[in-house]
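My request is simple: use the sequences and hints to build the entire structure.
Numbering-wise (the working numbering), the sequence shown opens with residue 1 and increments by one.
Treat the hints with caution; some may be incorrect.
[What the hints assert, rightly or not] Simulated restraints on C-beta separations: (1) Gly57 - Ser29: 43 to 49 Å; (2) Ala12 - Arg33: 28 to 34 Å; (3) Ala32 - Ala11: 29 to 35 Å; (4) Asn55 - Glu24: 44 to 50 Å; (5) Lys59 - Glu24: 50 to 56 Å.
Just so you know, these hints were derived from the structure itself, not from any lab.
Glycine included, C-beta positions come from ideal geometry on N, C-alpha and C.
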Amino acid sequence: MGWEQRLDGVAALKHSMEEGLYRERRYDSAQARLIQSIESLAGIQKMNLLNLQVNIGKKQVNITG
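As structure tokens, then:
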């Protein structure tokens, strides 16, 4: 194995390491967005906003939980 092959191997390892770090940051960001969404939905549930008013045509429908 010549030094050129070793250098190519090191460059490939660096590229895959950078790609791995990029993917890990994307995963962490997506997970943070998911957790924030879940926390927001939990907060809405705690408010107990189950009164809903729907107007279709001239009829009004009120739904309460």
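Results for each hint:
1. Gly57 - Ser29: 43 to 49 Å: Hint holds: Cβ distance 45 Å, inside 43 to 49 Å.
2. Ala12 - Arg33: 28 to 34 Å: 32 Å, holds
3. Ala32 - Ala11: 29 to 35 Å: For Ala11 against Ala32, whose Cβ atoms are near 32 Å apart, the range 29 to 35 Å holds.
4. Asn55 - Glu24: 44 to 50 Å: 48 Å, holds
5. Lys59 - Glu24: 50 to 56 Å: Roughly 53 Å apart at Cβ, these two residues keep to the hinted range, so it holds.
Hint violations for this structure: none, all hints satisfied.
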